[in-house]
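*Asks:* If you want the building blocks of each chain, they are given just below.
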Amino acid sequence: MICYLGVDIGSVSSNFVLIDQTGKLKKKVYIRTQGNPVKAIKEGYLMLKEGEGIEFEIRGVGTTGSGRHLASILLGADVVKNEITAHAVAASCLYPEVKTIIEIGGQDSKIIILDRGIVTDFAMNTVCAAGTGSFLDQQAARLNIPIEEFGRKAVLSSQPVRIAGRCGVFAESDMIHKQQMGYPVEDILMGLCEALVRNYMNNVAKGKRIEELVVFQGGVAANIGLRKAFENFLEMKINVPEHYNVMGAIGAAVLAKEYIEQKRIKTAFKGEEFILEGEFVSKSFECGGCPNLCEVVCIKRDDKPLAYWGDRCRRWETSLNKGDRRNLKVV
Amino acid sequence: MKVTFPAMGNTRIAIKALLEGLRLEVIPPPPITKKTIELGVKYSPEFACMPLKINVGNFIEAIEKGADTIVMAGGWGPCRFGYYAQVEREILKDLGYDFKMVILEAPDFKLSELFTQIRDLAENVSFLEALKAVKFAWDKLKAVEVMEKDLEYYLPRVKEKDKAESIYDYALESIDKAYSKKKIDNILAEARNAFCNLDFHGENILKIGLLGEIYTILEPAANYDIVRHLGRLNAEVCRAVYTSSWINDHLLGGILGKSNHKHIVQCAHAYLGSWVGGHGQETVGCAVDFARRGYDGIIQIGPLTCMPEIVAQSVLNRVKGEENIPCITLYFDEHAGTAGISTRLEAFVDMLGRKKEREGTKVPVEIFG
Chain A
42 MICYLGVDIG
52 SVSSNFVLID
62 QTGKLKKKVY
72 IRTQGNPVKA
82 IKEGYLMLKE
92 GEGIEFEIRG
102 VGTTGSGRHL
112 ASILLGADVV
122 KNEITAHAVA
132 ASCLYPEVKT
142 IIEIGGQDSK
152 IIILDRGIVT
162 DFAMNTVCAA
172 GTGSFLDQQA
182 ARLNIPIEEF
192 GRKAVLSSQP
202 VRIAGRCGVF
212 AESDMIHKQQ
222 MGYPVEDILM
232 GLCEALVRNY
242 MNNVAKGKRI
252 EELVVFQGGV
262 AANIGLRKAF
272 ENFLEMKINV
282 PEHYNVMGAI
292 GAAVLAKEYI
302 EQKRIKTAFK
312 GEEFILEGEF
322 VSKSFECGGC
332 PNLCEVVCIK
342 RDDKPLAYWG
352 DRCRRWETSL
362 NKGDRRNLKV
372 V
Chain B
58 MKVTFPAMGN
68 TRIAIKALLE
78 GLRLEVIPPP
88 PITKKTIELG
98 VKYSPEFACM
108 PLKINVGNFI
118 EAIEKGADTI
128 VMAGGWGPCR
138 FGYYAQVERE
148 ILKDLGYDFK
158 MVILEAPDFK
168 LSELFTQIRD
178 LAENVSFLEA
188 LKAVKFAWDK
198 LKAVEVMEKD
208 LEYYLPRVKE
218 KDKAESIYDY
228 ALESIDKAYS
238 KKKIDNILAE
248 ARNAFCNLDF
258 HGENILKIGL
268 LGEIYTILEP
278 AANYDIVRHL
288 GRLNAEVCRA
298 VYTSSWINDH
308 LLGGILGKSN
318 HKHIVQCAHA
328 YLGSWVGGHG
338 QETVGCAVDF
348 ARRGYDGIIQ
358 IGPLTCMPEI
368 VAQSVLNRVK
378 GEENIPCITL
388 YFDEHAGTAG
398 ISTRLEAFVD
408 MLGRKKEREG
418 TKVPVEIFG
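Protein sequences, first through last, are from chains A and B. So our numbering is basically just the index in the first sequence, starting at one, shifted up by 41. So our numbering is basically just the index in the second sequence, starting at one, shifted up by 57.
Excised from the complex, chain B in its bound form (with noise of 0.2 Å):
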């Protein structure tokens, strides 16, 4: 049995080692090309949005490379992704695929589902092993999440983007072929120190909350590298939607520690009472909570005709006058050219900047004598 899954951004680091972990042999899908949208959007329903698509052209891929199972989360609600694996089962079958799919549901109400359901991907491990798999699994979804976050906070702060860049790309490298606790910790701690010993520049930095659909906020070729765009462009970027939160509140119910689901939630109570499906609630909650704690905009970001994102939008447009903060949305699809991305990205961000820098100083010069 040679297993693969679906990219999403870096957590394939983590599910990369899970797998291993419970002894499959693992074929990860190949990084996300040109190539690999151009055979999702040939093989995809127009209208699916861009997870679909890109989850079509990694099988694709992946199968190619010898992979015989897939494994895919399933889901419920009223987003379309509940659906999407038995969709992209069939377009694989009608291709002529011949391979295996293994569906994992977010459990209703018992944890102790999704744990059976991981138990039945790997008959011949014991236990303890595939306890040992899970939480090895997640130390690396940790560190990959603490080198994120890292890179948020020093490429907008650093002279050198580039090293910048460099030293979070090997360190994600470094995570990914680790093989022990010990080892990954070696590797955060060499990241951040490289990290320290670039220059600053000292300039102001701009705060932006990046928040929406989940996919589209992880996967990076699914946003043109907002992130690095951002943070070229100065800006600090917090994201709304980390993996291992998004574990916590949905599929454990929070028993990991610490959550912040029902506050944002209740953040959301006055613009959106009810939970529309996807990350709608998060977005219009989280967009709140950002403009309180003093974020200086938001950026919400989606796939084209992504429902949930389009109710939580028009919501948006009260939230961005009642709680005073600019906020832009942006739809990514396969044909979004960057330029028109970058320019309203730097609008953006230039637009923050001036605000919070002149407000109110400014002497007009004289133009037209």
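Chain A on its own, in the form it takes in the complex (with noise of 0.2 Å):
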């Protein structure tokens, strides 16, 4: 069978996706990152082709996420994009008239805003994290509860506590303060994400007009606590598609097969053997060329260099290419 791959290495997790010659879903996997993303995606990639015993082919490859260039640097990537086209790809794709996009990740957030399935505005959280997933997950662990139970327990409250959005460090000194008080547990998740919604409408979506059809996305949209506390904020009706954890994913894949497609070539896709057989490692060493002294990092498949970069000036970046790095100091 012939398919595109899509892949989303995050901070958070690393999701893989199949999609078809029509564009269906044909498998997904949603892995943890743990700060390895190499390792993620030589299990992503392992997963993704076990099981089932179909016989697939990858015509393309598109990679997305803050891993994005480390991830075309393992599989061959034909198309490396940012997450904010991706994920607005797919949502267009699945909901043709979507107007407004809420996306939540582990450590960042965005609104992203379409027209006719074409973003014509985004903002992406700068400052503080308090709008994010990592932010629920530390808070869910302190009140000892699994993130996965979050959003049901929630649910439950009706009387929800009044927690302060602003700063993530107020926000859990005031949760604390909530909890001692004797406040119910399912009004405490309630109220907090009452208050990661406060601070997303405040922080990222401040100055954009939110129209209906709005969709949310990203790994927080599993949480139904939350999809109630938008809905009850905008007085609109909040669409989470089905596959909502791998929809950067699935945009990187759609980006891959209609690039491959238009411009009628091969696949750069670098095949199974290069991702599961190498030995990967990366290496980071400060640069002496100037005073900058740039972080540079190298990853290395068994022992040949495939990829520099981290340096401001591209003389390592570049240098692969050239062959000539007789000038380059190390310290």
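In short, the hints are calculated from the structure, not lab data. Just so it is clear, the structure is predicted and the values come from calculations on it, not from any experiment. Mixed in with the good hints, there may be bad ones.
[What the hints assert, rightly or not] One-sided and incomplete, this derived list gives chain B residues near chain A with beta-carbon spacing under 8 Å: (1) Asp219; (2) Ser223; (3) Arg375; (4) Glu380; (5) Pro383; (6) Ala404; (7) Asp407; (8) Arg411; (9) Lys412.
We treat Cβ as the ideally placed atom computed from N, Cα and C, and that holds for glycine.
Can you join these two chains into the complex? Each is in its own frame, and there are hints to help.
*Replies:* Here it is as structure tokens:
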């Protein structure tokens, strides 16, 4: 079967999807990155391959997420796209009339405004993590509640408590205070959801006009407490797609498919052996070429350098193609 | 007397030429590196903006290289910059450095004031020599700007971005070393020739207007080299601020030929009627101007906590809607990671490209059957 692979390497989760030639989702894998994107890419690819026993032929690869460059080196990607475009493409494929996308992931949150399938405006959180999944993760751990049950517990609340949402640290102390006063856990959980929504509206969505159809995606969309909090705040229906947690990867796969079909070229995919059999190591060092002392990262496969990045002047980044690295100093 | 001055992008080349022409020994500020910024951040007030921090770092590094006199610009109006020379002097004095600071104030109403200040700096130079120095510095400034505009034009259009960048870097270095107008003209012609000989990819080019606070626009170290970054994404950048036009508009009152400053202020009028300090009103005016000239998008940049730009940003929201032009704002501070900035720039460029390309023609593919 002919497939297109989409990979989204985020700070918290790594997602892999295969779509077929008609754009139908054939398989998805959602795993935690756990700070080791190289391992996550290997594992994810292996899981994608396992089971069912369908032979698939990868015609194109698209990568996105903060680890998109790394993933493109390891897999050989045709399209390397930022998260905004990838999420927008996936949502507008599924809901052609979508006007607003709320996307909340582990480390960042975004709002994307679309008009007839095209992004017209977007914003990402800038300073504070209080409006992201990591914040909920942390507070759930503090309350000793598995994150998976967070939402289900929160919606049981009839009287959510008010928690300051401006800042992650203040929200936490506010929450502890409410705990000590003896408020029921579900009211605190719903209060946290509402605080996150207020934070999102003030920091990320400020000044944007939110219109229907609203799509809520990203890992945090699993939390039904948060869905309800958004619905209450916006007084609109919130649509959560079936595959809400892998939308970025779907977008990347669709983009790869469009690209390959348009250009009629062969994929840059490096093949199964390359990713599964090689030993990948990443090393970082400080370049001593100038007082900038950039921290350069080198990705190697079986001792052969695949890519460098992190240097502002690009002398390392561009050195692989030129083959001449004599004047590069390492300290 | 060994003179140094604050770095502000390529204006350093012109300032160096001017001071050398006045027969002063010049120690230009060393290139801005992570260390410069670290020094500046360490000794500056936390809530001051990025330009002050970089200035302080520049001065410390230059003094350590032997400079004993600092030439710094003054200013007035609501922007804090007017007070920076004084603040910087106090910071450096507290650190125990021994130096003299000469503050050049923008003339209130008479151009001769500025010239007198420059003359005071160079006592043993004849009037004619001083005039010559000013002229040569001006030539260099114009040459540098020709190169900057060339890079802005060619970088997005050529296949080999690295080559275009090295032509530019080499030309600037040569202009800095040049000692005659003729030599400068040669360098420009050679560089233009080299640019033209590169391979062009022939794809669509997006046009983006870059506006905001002057220091952030002019100093690549303060804006993560946004012009090159966008150029590599095949977007041509047009800046709202070029040093020569700024000098003409703000210091010389427009005597050096046609100025579009009045037009910009007029464009701003419907949205922002008063001068809010710094480049606030010009930012709004230029945004309107870019929109009406058919640019694909605008990017506003400034240092974090910049008051005039914050005022302009809130007004830009209206401009965006009424003039129908996409716009984003990026604030720069010492710890802004490049990853976040490149994601935003990429997404912005993508958005403009897709909008231009596929307006209304897309038939969505079916997922999830």
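*Asks:* A separate judgement is required for each hint: does it hold in the structure or not?
*Replies:* Going down the list of hints, with the structure as the test:
{"no.": "1", "hint": "Asp219", "verdict": "holds, 6 Å"}
{"no.": "2", "hint": "Ser223", "verdict": "violated, 10 Å"}
{"no.": "3", "hint": "Arg375", "verdict": "violated, 10 Å"}
{"no.": "4", "hint": "Glu380", "verdict": "violated, 14 Å"}
{"no.": "5", "hint": "Pro383", "verdict": "holds, 7 Å"}
{"no.": "6", "hint": "Ala404", "verdict": "holds, 4 Å"}
{"no.": "7", "hint": "Asp407", "verdict": "holds, 5 Å"}
{"no.": "8", "hint": "Arg411", "verdict": "holds, 6 Å"}
{"no.": "9", "hint": "Lys412", "verdict": "holds, 5 Å"}
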